[in-house]
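Residue numbers (my numbering), protein chains in the order written: chain H, 617 to 858; chain Y, 7 to 394.
By construction, these hints were calculated from the structure, which means they are not laboratory data.
Glycine included, each C-beta is placed from N, C-alpha and C at the ideal position.
Check before you lean on any hint, since a few could be wrong.
Unchecked claim - The calculated label-pair distances, taken between Cβ atoms and stated as ranges, are:
#	chain 1	residue 1	chain 2	residue 2	range
1	Y	Gln290	H	Ser767	20 to 28 Å
2	Y	Ala329	H	Asp799	53 to 61 Å
3	H	Val738	Y	Val23	29 to 37 Å
4	Y	Met289	H	Gly794	39 to 47 Å
5	Y	Ala329	H	Val738	31 to 39 Å
To be verified - Among chain Y residues calculated to face chain H with C-beta under 7 Å, some are:
#	residue
6	Arg16
7	Ala300
8	Lys304
To be verified - Computed far set for chain Y versus chain H, every beta-carbon distance over 12 Å:
#	residue
9	Ser20
10	Ser249
11	Gln294
12	Leu376
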Amino acid sequence: MNDMTQNNIIQIEHLDKIYGKDIKTHVLHDINLSFQEGTFNSIIGQSGSGKTTLLNMIGALDKPTNGSIVIDGKDINKLSNAKLANLRNETMGFVFQFHYLLPEFTALENVLLPFEISGKKVDKQVRQEAEQYLELVDLKDYKNNLVTKLSGGQQQRTAIARALMNHPKILLADEPTGNLDSDSTELIYELLRDINQNLKTTFVIITHDRRIAEKADRIIEIKDGRIHMDVNNGEKSGEGIQ
Amino acid sequence: MKLAFKIAVRFLGSSKVQTLFIILGIGIGVSVQIFIGSLITGLQTSLIDKTIGNSSQITVAEKEQGTYITDYTRWMDKISSSDAKINHIVPVLTSPAFLKQNNASTSLLLKGMDLKKAAGIYDLKNRLTSGSLPQKANEVILGNTFQKEYNIKKGDTILVLLPSTKEEKMVVTGFFDFKVSALNDSWAITNLQTAQTILDQKNAVTSIEMQVDKGRIFSADAIAQKLEKNLNDSSFKITNWKSDNESLLSGLNGQSISSYMIQVFVLISVVLGIASVLAITVMQKSKQVGILKAMGMKDSITSFVFLSEGFLLGIFGAIAGIAFGIGLLYSFSTFALNPDKTPVVPVSLDIKFILFSGGIAIVSCLVASLIPALKSKSLNPIDIIKNN
């Protein structure tokens, strides 16, 4: 158990999230979860179930109402805004349903942004690395295109390359293929899987698509703000239900 | 910081038309400031030049009427060493007199002065309408009224009746026009030695006249005060143009204040304009700011993006404003002309004032961008991501 805890890169205990002051909406109820380093996890659930709220809190974008979230040994409740920003920059990569690229920049510049935000100087080697990530997502020929000139699939792949730029320990993705056709979806999941296997990055991915979720090491289903199911892939369905 | 600046450049570049309009707005504000400021300064300079440019700005005389300053060269040296801002120190011996002609007489003010030194104040050579300056003893120049009304010609000998009832013959070598009829009607200028000889006042003058540096013309009262302290002689009465021309001074002050008021209101409207436009840009770019923050950009850096935008808009606005302003001044001095083809108002380009106006624009833009900078600081990335 102790070994398990040590390997947990994300540790969530008794997490509650309530929105609103006058009319309170209880979005998450007493969530206890942990994710081991290097694993590929998927979160499924219906719209409004609270899965995106959970992911945003894992990503230190939002703070819990009650409970604690420890990311890579750091309790996000105890961090200042600046330290949270550092944690996001150094430890995490994000891929959202909408690509959230900066339209004023080219694909390569967008990929380089997390590195530049960290305050380090972009040298030739870093630029080459960014180009390699773009090559990995099959976009090397489009590196100098403004992102507004790319297709939806290309934009999403650029967002994946950007999420990898700072060698994050955790990659969080919220329906990364929600806006894509099935061929592109398949390609992107294969890509994420490869990255997980080669770089040992921990993945937490929200998806609607049960077919895709089943390719993950672990499937967590959220229903009405509670964990409804938590199974390791290969285990029989329902075995891991809390 | 460098990244914030780069992002600011891209943000501005991504909406070129909007950026161009903001720069144009700042530019027009700066150009109005430069134009109004330079025009009023030009107007004042020309007014001052016309009214007191060719007269004594500080005058040292004996308090008691009828007494003379003796040993005046020593006093002149003292005045000269008292303040470096004082120049053109001229010893003048003045006496009332009468011009006798054909059994009639008219009053004169005989002024004997060191003509070489007096050139600095009175610009006598250029004031001459005919003839030349007195060079020998008993030579005199008169105002052009005498030429017109008394039919005196160059080379004529006139008879001057002095207070001592002595009559002196003087040769007229020329006529001057000071563009002030009171002076043209009465002044008779001769050299100092002649005046001293005929008035029998060897080594004495009635006053020492002087001017101050052009840029210090409005400090003439302070300079006079300092001079009084340095000369330390209670028998002297020291006057300056400001105390002698109070109404002119209040007119000039009124003009300056109205010019400042116009400039301040132009500035306020420019600042408010930039602040509101930049505040809208934060709204426009809130998605980008949210993304940057989600990727770990600190609040202070996102604020710096908008401060950089303000700074850049200020720089380009100032450059555009200086160019427009100089263009306006050039057009005004080229097309707004008097019938004699001289500009209605002689406009002078004061580089310091122009740079100051540009600097004010940059500082104003920075101040205006503080509002969006603070606004961007409070933007929460989660709100942007949730509200997409």
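Tested hints:
| no. | hint | verdict |
| --- | --- | --- |
| 1 | Gln290/Y / Ser767/H: 20 to 28 Å | holds (25 Å) |
| 2 | Ala329/Y / Asp799/H: 53 to 61 Å | holds (56 Å) |
| 3 | Val738/H / Val23/Y: 29 to 37 Å | holds (31 Å) |
| 4 | Met289/Y / Gly794/H: 39 to 47 Å | violated (26 Å) |
| 5 | Ala329/Y / Val738/H: 31 to 39 Å | holds (36 Å) |
| 6 | Arg16 | holds (4 Å) |
| 7 | Ala300 | holds (6 Å) |
| 8 | Lys304 | holds (5 Å) |
| 9 | Ser20 | violated (4 Å) |
| 10 | Ser249 | holds (63 Å) |
| 11 | Gln294 | violated (5 Å) |
| 12 | Leu376 | holds (20 Å) |
The structure shown violates the earlier hints numbered 4, 9 and 11.
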